[in-house]
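Colleague: Chain A is already provided as a structure; the job is to place chain B on it using the hints.
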Amino acid sequence: MKPPPFRYECPASLAEALALRAEHGDDARPLAGGQSLVPMLNMRLARPAVLVDLNRLSGLGRISADDGHLEVGAMARQRELERSGAADTIGALRDALPLVGHVATRNRGTVGGSIAHADPAGELPLALLTVGGSVMAESSDRGRREMAAADLFTGFLTTALEPDELLTAVRFGAPGPDEASALVEMAPRHGDFALAAAAASLRLEDGRVVAARVAVGAVTDRPVLVDSAARTLVGHEPTDEAAQAAAAAAADAIEPTGSLHAPASYQRHLVEILVARAVRRAAARAGIDR
Amino acid sequence: MTRPTIKPRTNWLGLPLERVEDEALLRGEGWFMDDLEPLPGIAEAAVVRSTAAHARIRSVDIAAALEVDGVLGVLTGGQVGEMTRPFASVLRAGLEYRAAAVDVARYVGEPVAVVVARDRYVAEDAAELVEVEYDPLPVAASLEAALAEGAPVLHAGAGNNVVSDRHFAYGDAGGALAGADLVVRTTFRHPRSSCTPVEGYGVICHWEGDGVTAWSNFQGPFTLHGVAAAALGIPISKLRLVSPPDSGGSFGVKASVYPYIVLMALASRMCGVPVRWTEDRVEHLLASSMATERLTDVEAGFSATGDLVALRLSLTDDVGAYVRAPEPATLYRMHGGITGPYRVRDVEVRSRVVVTNRCPTGLNRGFGGPQLAFALERTMAVAATRLGLDPAEVLARNMVPAEAMPYRAPAGAVYDSGDYGACLAEALRLARYGDVRDEQAARRARGGARSLGVGLACVVEPSASNMGYITLARTAEERAGGPPMEGNAETVTIAMAPDGSVRVGFTSTPQGQGHRTVAAQIVADVVGVAPDTVSVMPGADTAVRPPTVSAGNYSSRFAVTVAGAVHTAAGRLAQRLRLIAAPVLGCAPEAVELIDGAARGPDGPGAGGVPEVAVPLRRLAGAAHWDPAALPEGVDGLALTITYAVPGLDPPSPDDRVNSSAAYGFLADVAVVEVDTDTGEVTVRDYVSVHDAGRVLHPALAEGQILGGLAHGLGAALTERHVYDGDGNLLTTTFLDYPCPTATELPVPVTAMIESPSPVTPTGAKGLGEGTTMTAPAAVANAVADALGIEDVELPLTPARVWERLGRG
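So the protein lines, in turn, are chains A and B. Position in the first sequence (from 1) plus 186 gives the number in the working numbering. Position in the second sequence (from 1) plus 141 gives the number in the working numbering.
Isolated chain B (complex conformation):
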């Protein structure tokens, strides 16, 4: 089937073009991890996992497993200990984390051994025959248990389950609290959840000689590439990472596949064959990656008129059994903007990292944002209620005004642009806020079993992480001892073929976001060609295109870093085309316009009497390829590679301030809920989300991100949480027990965009993939609290829990 030819024009960015990714996916012709068959004779692995949450491993008996017909080998945790170094971490606190438990298992589901067999059936049969003897140790399967007096210590080398405890002060929060008219003191809990992509982890490893090729759905950040190579004791260049063309989603979760890359590399090395491991759903829920559970103790001072004058936050994150890089980044990702959209200047923050006998945490959509937003936005709503003010007014009066942009927040974030007040006003208008309040009053007067509530949430949504923010986990003195770390960069290769078509490559490892579509739009605009002449390869092959350490698909960095890099690379290519065209057109290079697949000079005869006013790019490209000797000075062909680093990102300052992200969007959400006071059921009747993410690159994709983020946010708000029993067993290992909302449970939100272009990025765009995941739990919780007239609401707001809050339990 042929695609309809797109008519040439110049401003492709901002148009909702059809996604070039879709046709193959809709036809079932996508290539996912489990479809790959890059080599013949790939064996399959099954992972033997710890059934104990905390136990010394006395023995691992593999004899019976090895006797099963079709088994090629069994790798034990002890061997993993001999063959690898511990994974590197920003915290050097005496914690050793490896791809499998060596002497001590610290969470249920931790790999203990790997069985390699001719197929997965045999591998699972043999895995059952691996006999592990555990000497149980006392278990700390919750934050409370890990922090309790006399709690079992997970890592003797760390001496304590609190493996990091940092204090930050900006201004005088104590003084400001003392002078406040109202101080809200509350503790908020954000439970463990996970983003549950349809496709779990997948790895194929092939060890050859002194290195390994790993096909996997790893998504970056490629700092972890180095972490994996170092664990294997090989140079980064000897660990070739290749990603499949398509991904069944990640939402951050697949960053944490890297320990399995190490594990399967060892298995392949041991057995001498390529080894595939495809994670199943139980494994995924049990042992892949979860968002941190966080306790946030808030002390927030307000004036009688609702001004937030002081903020003291104590954040306590449960990162699970190990500090698996990039943790404890959940604590610091939002740090520069820890004050959210509010102007408060006097701030204190305490950030603690706690290890527990639970699955290690890692990237999950929102990454630190939902935890912070829930505490901040609940606090603002509680303050409004206690002060007898309308929460919308309290939010509005505290917001950073548009004229203050760019705004330097106390902890160091530089909010680059945005009209927060306009977003909130638009959200309230779209939600018919006044009418809903009237309806609410009428219902309250009438009584009945369906209570109406309205909740607001406003969030500053960071995009493109500063790789240096994580070093805030170290003190300034500790940081001073090492090399500076900062930035977010992407390497892009772009080339024009002899026929004028363009190829672009970078390492953004998309998982459905439509990077190919948008990159083609950017190139089309800058080089003056139609998007369907631009082919984009956004996947990883580190042997072909070495990535930057910050490459990958996380922190909503595409719209900032990757789009900026593509724009920059396309600009360089365009400049070369102008240099080639100038003599042909008889004008200066800067006078050449690239448009509709041609280079055009100024109207009228050229300066040198050259008659041509336009020359097709394919002619210039053909000449460049076939007559390279004739290229003008400074033009060495039409293929180039650039590395673009987002400006304005520095390492943390000695006084612990950091611009933790490159750009900052904003969103204002309104949730209208009905609560059935007979059953405790919460129904989200209306949801409004208004965003300012700078220039919108592709409105349909932007809308898709908002909807997808909302699905995760509403899941966390209403149904999703991981539950461990006191012995550290995870009770939520299937989708029966971990219920994610499906399309039929989700409201169709009203969305709108306000565009305040970013001065930081070449396109003016900012990321927006995570905002509604941050806002929705807070907005819905505020709405339920409003409906019921209570302060104590805990996530997720399941019917049972709401019913208990109604005092009926």
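Chain A with its partners taken away, still in its complex shape:
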């Protein structure tokens, strides 16, 4: 339970960090909160040649709201965001934060690190996907770009970030009027990786759903939007029956991989249960928050 040798770099500026990224590419791993990476190092499951510690960079921890988004600097700690109140209006994010590990790990774990780590069971990636968020990525050569969450997660612990890029900020979509989201999961114990997770975002007009997103996590290699489930909701009142129809569509569309604690058939069942719950909760919020 000791890491293999690695070179440790602790850049003092973003430019320096990006230069190291450019120099070492995939051989370098950025170290943010370390709550996933350090155990992986110790178990020798990750073997980067260079560790680029981002903890001395300033300016990457800002939490700010602008034009319909909540922008969270990549190095903002999960617990900071949770306690800031900034996430309170974004239902899926508010639901997600207390489910991320434990208070002690959230004190250290970062929002950007969790997104970039792209764990299929991660709550923050699922929330980001559900609320139509995006990330800001930077590189020395190409500067800053924005990438939609829907394009970000490409596989197990894999994102579309280029080897020379650093994720610098995460932008969660804030709900407009008549819009709300929710996230639910089932885990063996609080703080565990979920057996299955689901989230939904709804926009209502005159009591009917005019836009929806349904996303499912922890049952395949990445969190995924389930468009077929979202489509069943559009044009309908968000009743229990509508939630159930969306749930059935999601369970139909997803091919769970199964895990030690939840065989694929059970995960599929949980997807149905959890999507229904998420839609009902989002619908209730869209009504209340109006």
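Among the hints, erroneous ones may be present.
To be verified - In silico negatives: residues of chain A with every beta carbon more than 12 Å from chain B: (1) Ser199; (2) Ala201; (3) Ala251; (4) Arg263; (5) Arg328; (6) Glu332; (7) Ala360; (8) Gly393; (9) Val410; (10) Ala462.
Claimed, not checked - Simulated DEER-style distance windows between Cβ atoms: (11) A:Ala470 <-> B:Arg578: 30 to 40 Å; (12) B:His308 <-> A:Gly341: 51 to 61 Å; (13) A:Cys196 <-> B:Ala780: 55 to 65 Å; (14) A:Gly341 <-> B:Glu274: 31 to 41 Å; (15) B:Thr883 <-> A:Gly341: 30 to 40 Å; (16) B:Ala780 <-> A:Ala290: 46 to 56 Å; (17) B:Glu269 <-> A:Cys196: 18 to 28 Å; (18) A:Tyr194 <-> B:Gly182: 22 to 32 Å; (19) B:Glu274 <-> A:Arg248: 49 to 59 Å; (20) A:Tyr194 <-> B:Gly413: 32 to 42 Å; (21) A:Val420 <-> B:Thr883: 34 to 44 Å; (22) B:Gly589 <-> A:Val420: 23 to 33 Å; (23) B:Glu269 <-> A:His376: 34 to 44 Å; (24) A:Ala470 <-> B:Leu848: 36 to 46 Å.
FYI, nobody ran anything at the bench for these hints, they're computed from the structure. Please read all numbers here as calculations on a predicted model, not as lab measurements. Where is the CB? At the ideal position from N, CA and C, for every residue including glycine.
Modeller: Below, chain B alone, put in the same frame as chain A:
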């Protein structure tokens, strides 16, 4: 900081005194294995482990590892084969077990080599460079695979994977089954689990000359001290075992650290430096020790009115790749009381030991008890349901009544005392059993996704093992050929210093139980001093205080053997003080009372006209130390060592009966669960546990044992199990995949004590550290079966499994 002085009084036992152990622990000032730095220049080891579940080892290439800067040496399994003898076992069935795989690796995680380096980082780097070539052999990674026709045989010398198969008959079970109104025939599986202490194994070995000193968190039984020394080919006296002051828990698991003591002794010998090995969590889950998986085939005969009239049990234990001492003790620890709290007289038992390509098993809290209780208590519940009777009534009508105590069970256990019926009645009352049944009926009528269920479990909880029970693994003829083995004993040294303070030492190697606190209470009562004047050293240093073979911390033996030994030693010291005081007080020694730090004579002037009616113990002690020539006849100072053996423990009889433990407590548990029939989630809403463990020595510590045991029991009931794939790979090597319940997942149980003092022990106390680990899986399983109206429930009751049982899978 000074501790508040405790006011003197005489009856300290039974009071919930603050634990003397706590202050250092709360301040982070405990000394655990990894804190020890007993010597300069300790090198660190990393263990290279087999990645194959069953393979011939063609070669172990250490050249690249030796070239790593900082590496001091690499010990291979081949060298272990040359430098050691196989570990001794009660089974002489052609199985060789050594500290590392010599020619054949038989489980994933088995040590293949040890790399010694200047630190653990370098050691792990070099361990990766040790190249082992495996020729794979067919794998038997489950009981079923090991028992199958044509299964790969793990040990050619044994000829078969069933390395022991014993049949026991007490009365006529066949006849009684034939006459029964109902026969319940079922097979129960108790999965592999482990107790996962926070601190794993730790060893520092320093080989010097012709012997070795080993610091380790070994916990006994010290029979294994001899097993380790014999493997090293050195006398027991040349293997000095020292335990650290504090332990991060064990629950039995650390008994099995001894092969690593041998391994690190060899590493130290080879490299010429002291060597430390600290087990990490993956190593611990993969390769330390697990509870046996057991299949129990039950045939239980009942009368129409619910009387258990016959019991036929076939126990099949998977002990893993080797029979590592003290296995196959899991099969026999409960043997004398295999009938539990029930009066059935006609009993048959078959006990089989099966080797598989899995991690060897060993002590884990409950040790044989959970496996037995799950089968017995599920059987009682199934019978009640099939007979249309209330399970509480079926249990009550079958229990050994209080007036039958002491009760000799068919297989030889002598239940020393207990009021089982009173415990069950109290448990039902505290659980509001009738109200819960009403609520259950109302819910069933109403329907809905949350089913309510009630489960009961009653267990006779043995404490202080008879070291002879394990010889039941041999036939009576085989036993007759060897010397008798029985008993459970502890050596205690006690001394009063010139100022009247007392030191007590014994080898109970506590792991958080509070032995120091309780021993001080016992001495305080017997010698008439305040507990804070009594200093207790319960750890091992075999060079200073040679232990008995049964010393250590297992089978809940403290309250029986160690407390009895401390009580006896304190009594001897008190007797010496009375002899010294008598002439001073002018009375007979037996008239001297020791109380509040003084020796008191009878009221009024002494017989010899001596005016004193009381003399402080410190004056007597000072005189004894400074004027030893003046001591009365028969008093040679105020330091003494005694060895106390619990009475009533004999070797197994020729007809295979054995009083397998010294004392037997009892507990009756009620679990009330809610099952979410949408998701399969089980929530333990209420849990009641009522114990009769004789006299309670320390109520807060007793409660702590009940809660801790319950945590392990509920883990086994709901979340914990080790999973191997068909190739013998363990899939549960982190706490992600082996989820133990944490405080937030556990219910706060209601507990109560009923005290039927043991006639066997000097204090009247019995052990109680394992009962709820035995009951909880059975009680929860009974409750889930009750909630869902099904018979087939398998541990652990994970949501996925319950959902499958609901027929939705």
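Colleague: Are there hints from earlier that the structure breaks, and if so, what are their numbers?
Modeller: Result: hint 10 breaks, nothing else.
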